[in-house]
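J.: Using the hints, build the complex out of the two chains.
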Amino acid sequence: MSGVLVTTTINGDAVQFACPEEETLLDALRDRVGLLGVKEGCGTGDCGACSITLDGRLVCSCLVLAAEAEGREIGTVEGLVEGGKLHPLQESFISHAALQCGICTPGFLVAAKSLLDRNPDPTETEIRYALAGNLCRCTGYDKIVRAVQNAAKEMRTAKSA
Amino acid sequence: MKHDNSYTGQDFKVIGTRVKRPDGIDKVTGRARYGADASLPGQLVGRVLRSPHAHARIKAIDISKAEALPGVKAVVTADDMPVPEGLSGDLKHTLENSMARGRALYDGHAVAAVAAIDAKTARKALQLIEVDYEPLPHVTDVDAAMQPDAPVIHDWLYTSGVDPKPEKPSNVAQRTEFGLGDIDAGFAEADVVIERSYKTEATHQGYIEPHACLANIRPDGSGELWVTTQGPFVYRNVCAQLLGMDIAKLKVTSSEIGGGFGGKTHVWAEPVALALSRKANRPVKLVMTREEVFRASGPTSSTSMDIKLGATRDGKLVAARAEMRYGNGAFPGIWGMLSCMTSFACYEIANCKAIGYDVVQNRPKVAAYRAPSAPMAAFGVESAMDELAAAIGMDPVEFRLKNASKEGGQSHYGPVWGPIGIRATLEAVRDHPHMKAPLGPNQGRGMACGFWFNIGGQTCSDLNVGIDGTVTLTVGTVDVGGSRASLGLIAAEELGIPYEQVQVNIADTGSLGHNDMTEGSRGTFSSGMAAIFAARNTIEVLRERAAKMWGIPVEDVIWEAGQAKAKGSEHSNLPPLSLKDIAAKSPKTGGPIAGHNEVVADGAGVSFASHICDIEVDPETGATKVLRYTVVQDAGKAIHPDYVEGQFQGGAAQGIGWALNEEYIYGEDGRLQNPGFLDYRMPVCSDLPFIDTKILEIPNPGHPYGVRGVGETSIVPPLAAIGNALSNAVGVRMHHVPMSPPRILKALREDRRANRGPAKVA
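Protein sequence lines, in the order shown, are assigned to chains E and P. First residue of the first sequence: 244, per the numbering used here; consecutive thereafter. First residue of the second sequence: 295, per the numbering used here; consecutive thereafter.
Worth flagging that the hints you see were computed from the coordinates, not collected in a lab. One or more of the hints may lead you astray.
Below, a list of computed lysine to aspartate or glutamate pairs in the EDC-like style, where the Cα atoms sit at most 16 Å apart [as the list claims (entries may be wrong)]: (1) Lys-919/P to Asp-981/P; (2) Lys-314/P to Glu-334/E; (3) Lys-493/P to Asp-437/P; (4) Lys-414/P to Asp-274/E; (5) Lys-414/P to Glu-265/E; (6) Lys-328/E to Asp-320/P; (7) Lys-1040/P to Glu-849/P; (8) Lys-859/P to Glu-838/P; (9) Lys-988/P to Asp-936/P; (10) Lys-842/P to Asp-896/P; (11) Lys-296/P to Glu-794/P; (12) Lys-396/E to Glu-369/E; (13) Lys-414/P to Glu-264/E; (14) Lys-418/P to Glu-265/E; (15) Lys-459/P to Asp-449/P; (16) Lys-573/P to Glu-361/P; (17) Lys-696/P to Glu-642/P; (18) Lys-307/P to Asp-981/P.
Chain P with its partners taken away, still in its complex shape (with noise of 0.2 Å):
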């Protein structure tokens, strides 16, 4: 059945109720899942080695001795995992990334992989694994990656979207450029011009569950991966192509997972893991180190950029340009395109031109972190924008007001906007007691706006009815913060039955159809969209039972609050029916009860943020404490405002520690120097305030609820905002992310001696 998937503007009964979730019980008692608590008879350690060098070729790899240690069942180099015919794209480097195949691309690249009885022998094996590597030229810098006499990564990689084809390859994988107008013309309409270079550093997702899973496959060729991760479906499909399997002889459950942020929808060492099963013919659980999360799997880009924005003196933003290079890791990615789509999104200028430069580098392969590549394309505009309103002398929000997109205008990526929320955000963070609160000494008040698309995508529900009338919807998104007491609220909701009746129930992959990664901050706006057509599905049934168990013409039964009700005055006799009446008859009414939808969930309504926070600098040690923070944002609909509010608090934390603290530091010799979380410090509970939230509800039309996906866009604004107060508060404008205290103890020495100016000769 065909569903309408337009907004209703319906009067809800429990959405927006700050229910109890249903996982909350086995996660307190510590009783949940992860990806690291599964087991299986018989099965063995997996462990990973990996190479200690940025660039190296493997001239060849010993593995008899490891092979001959007791205890070892198996060792796997890239020989136990060919490529498998047709293999091409993203897919083979997914393949190559998971293990090298010739050459070690970074520092943590694996080189092969063991299979033991326990983790000592596993780790012991490792050592007797003789890699003989011969070091190659390195970069890992993104400009320096760039540069005409780089080392080339890859002898394959031309840089795609430019005319003519280069002639040799490069580090650039692709150039891309999006925009409106004409920016000479909108330049020379300028009264003031802002030209501003800015450098970010890569960050980690951060999750503190590292990757874990288990994989099992039988002689059959069949078999099975408990893994954490944001997507069980995609995940199979992208193992069992790399390991040549048949998709449906491939089973994947997904753990409860320990935080994702983008970073568990790619693909790491699960790969090894089968291929190490597959060899040894004994399930293997493989559990990455901390080290190896931060060496091999999911970093953020490292980006640079030129950014030139231009106003009249009125305040009307009239041209713009970026230039923004993102560094993508060891193979290519859309990373530059991302951030070239997100970067002026908030405003309305009518030339504009966003280029975008995807470049590899000798660095673990980038993958998703919330929002991606937004946070950066952010800071630089928004860092610019605050350094505009203040050429032309007009207040940061007002400029921003003025020249924010609106309903109806075009958006510099492609779309003609909806109705959207970035002037409501605006207008109420200049309407916030926040924005008035004093200020004392060495402090400063900033503020930032961030933008994010969000997406629908592929999504697939059951809803079954059991005989007591209690009700089991089953998704296929991975809960990642909440999610499972959402969709039950949705479920309930559209049955018009408590909360309480509604069990949310997370399908493995032989359990459920086709469902995308719990990413884009889909999970809810997309379960909860095939949530609602399934429920709508299911009533239909309820209808039909209803009046077989009456004896009348479907059409003389309608659902209402709960209850099957046979309208008309001729059957005025016939008290409704509820949805336990009608289950404890099923069985003898047609069976089962349940309601089914697949959806391509279109329709995601687009999200805006703004944030304020107050700093404090020490000017001693430069050391930048936040004070106070305020997320304002565009929800859609909030279905359990706790979890949305929980996003947006996440969300500019993980922003606040990218802002401040967090980078991947390279040495010379291109490895990683703090593949830990002492020397790779994240906020921790000391280091911030609360995090105020404001809720704005401005209904997407593409989904029956209004909902929006709430989970990225607080992520994007706090690099921008917190530079933005820093330089209100001690007059030093940053231009490289995280603005640690070594950086600003820097920026404030060379302040004093810019001010102090030539000393004076008598």
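In isolation and in its complexed conformation, chain E is listed as follows (with noise of 0.2 Å):
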């Protein structure tokens, strides 16, 4: 049996752990990093619940090989809270009930905040193609479009305050 021995950086912290070579991130991070909140829904990049950034990056966690991760920077769902506060798009989400099964949030989350770090003030179509990559088959998106629409104000504001 052979592995690789990862150094990574998750959400800010140094994490170390060995797989096989040919695990996926996103197994590593579940299995070996204890992250659940990525979330497989299909294993073949089409559905965009295992969305995470590297080195700032939007990619889906099970295209990748953990191995690749190997001296870079991770995000997942879990380093949104900040300080213990929820990051505006999380309470929006709450707030605009832009979840019902939530399965699919994480990974809309991971998403909407790459696209909101790129673009503070999005188009609805922006936000749309933004968010194209990650299937939800609860909400018919609405709800979604509207809480980052919200979270986008409130943080403009917030910035600018």
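T.: Next up, the structure:
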């Protein structure tokens, strides 16, 4: 049996884990690091439930080998809470009822944060295309888009205040 | 204590407010635990070997090499899952569906399973299992399966519902018929008759969370199952019976559920996980891959229908006939029957007949999907309704309004209608600004109606008051989309306390009496009813305790606005006691304060919806874009409007996907060709517009708050609404769902050829 030792930064913390060479980052994050907020919906990069950021770039962790995370920075839904406070996107998803079953929610939040990091004032169309890699089967996306619009507005207001 | 479920028309304090759901924080922080998120010491990884054949005899299975692989702890086949004595009917089919017995009946049918120390070893072990298949003739198309020369899938299946009983087995499991009057006389009365045939392809519920469970059978035969399910109590009953266990010895805990839509009302690989755990004597976690979810769980029926409608020139619908052939997959179900019962519910038709056929085919066993069977029937009926309206020159909304079912009328499937919302939804559609908005080239507007029964069923809940006066409501219906918030509102309303004072807990099977599934839009309806009654029982206890604290007769104590009050001038010196005051003293006034209720929640109110949609067709590609969408539906009473709207929007989006893209595609070899989200294309965010909603509230007389189920009806109208919009946009009438780009292009080409007419001869 062979494997690799991966040294990485996850949500700002230094983390080490060992895994087989062929293991996906999704499986490693869930089974070895214990970050169960990263969800598997398909394993083929089609649903976005396993969305994370890798060096700030939005990726499906099911399409990345764990070994590729060596020396890189990973962001997951577990890292959105800062100083015990929910991220405005998290608050907005709750207050706008943007989740029903909630299984896709971690992926949507990571994807939405990635969008707002790049574009603090997106149009509805920009939001829809930025989130097109994430499948939600419950909501029809209506309240998700509204929640992102609301969070973006609040974040802009907070920044200019 | 017996409670009255009648609607009372009371004024509400917190019902109808948009409070935050209590499970929200866990779900936005990644802490909520779903089916695949549990673990136990020493757990193994379970994986399933599935048939690559649509239909094959299993001559032999050699598991010796797999068993010999280091790290493999158990290999099971049907031999390890014997049919318990007395098991019959649907349960026997469920067992055979979870593990093939002698024959693989569809591509993806489980034939063996392994439990190993890790996923890699488990996968390797599957490759070492040798199955000797003898391929058999197969049939996947529903019409082909009904032909006399079709391969007969089950030699024990004789069509029921026909007289005399057939002499030979066939793939037609049952024929059902519902209706009213005399259709021959009705059609004779009609000035215009529209007769069309329709087909719809199978779809999948498409929940984002694959089936997942953690099974743990102990050496003494007791066990537990953590599982993503719409109904832990039903899963417990079914799994225990399939495995030959005592029901009380299996504890089932429902995880958070990552979508179900009916697909998680049926047991799939859970009995296999339990059998693996029993054989390995270790916990086994079994998570389906997405491909397995598509190949081996929950599709809808594929259907084929003939619809005939007749009306008089003045717009009266006088006759209707529907013959609907519904695929059931490998085992018989009730899907064609449900299509009959829903087909004509929206309209008052003196002479109508709906005939349904349930047909087995070499496909996965069909499962419920949100208002199961209704969307396809509505596609046929509502498409024909539009054609009929056009043929007699009436506006399609006015035509529907003129014929809409009404209170006191006789439905075609049995009940006499109570207060119902079909007319109100149509009037709201007629008056909606959406109907008057301008349209551009290649754009069209369509509308359609839908119906679903809704159900009640067995329900049980507990309400416990903590010594600080906070309240725990424990229910046995799984929260599929915000029902904890709705049920918390109900308990708060009934007790007269703030919503924040109530915590809602979903019970495992060891903590509460039996509850039926969260299905049939019954979750908030029935658990809401049980919560109201449990709260009323609690109030009785609170009054008794207050009486004791005051030393006065309980008859002199009333409960009002969250407080016990002593009535009568002789008690005017007694200040009210709050829930908190009474709770604090409870250890000395009789112990814990609790209320319980078990009920068969009768009185479910039927649900009607009418939808409007605008679409644009790209004539070059045949692709259809939904530009605007409006849902109007009767909710009875919207307990939490956000989550009612969410149900309307989600159902509409699923219907849009069904209408335009989603379909199971089978090859000549009978194998599913698109078992993944890339090729089975569900709507994504950029495919859809905002989905506007209008909640109507026509109280259901069978619920204290007037609640109707709201979860399902919204998936019923979209197929026809989009078909009607397409017809209005580009002048082609689609008879085959999904109305995917290739089908639309083909229809456009044929339309152009037909309109060009024969070439002129010089």
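J.: Look at each hint and say if it fits the structure.
T.: Right, here's what the structure says about each hint:
| no. | hint | verdict |
| --- | --- | --- |
| 1 | Lys-919/P to Asp-981/P | holds (7 Å) |
| 2 | Lys-314/P to Glu-334/E | holds (10 Å) |
| 3 | Lys-493/P to Asp-437/P | holds (10 Å) |
| 4 | Lys-414/P to Asp-274/E | holds (14 Å) |
| 5 | Lys-414/P to Glu-265/E | holds (10 Å) |
| 6 | Lys-328/E to Asp-320/P | holds (13 Å) |
| 7 | Lys-1040/P to Glu-849/P | violated (76 Å) |
| 8 | Lys-859/P to Glu-838/P | holds (12 Å) |
| 9 | Lys-988/P to Asp-936/P | holds (12 Å) |
| 10 | Lys-842/P to Asp-896/P | violated (36 Å) |
| 11 | Lys-296/P to Glu-794/P | violated (29 Å) |
| 12 | Lys-396/E to Glu-369/E | holds (15 Å) |
| 13 | Lys-414/P to Glu-264/E | holds (12 Å) |
| 14 | Lys-418/P to Glu-265/E | holds (14 Å) |
| 15 | Lys-459/P to Asp-449/P | holds (15 Å) |
| 16 | Lys-573/P to Glu-361/P | holds (12 Å) |
| 17 | Lys-696/P to Glu-642/P | holds (9 Å) |
| 18 | Lys-307/P to Asp-981/P | violated (39 Å) |
The structure fails to meet hints 7, 10, 11 and 18 from the earlier list, while all remaining hints are met.
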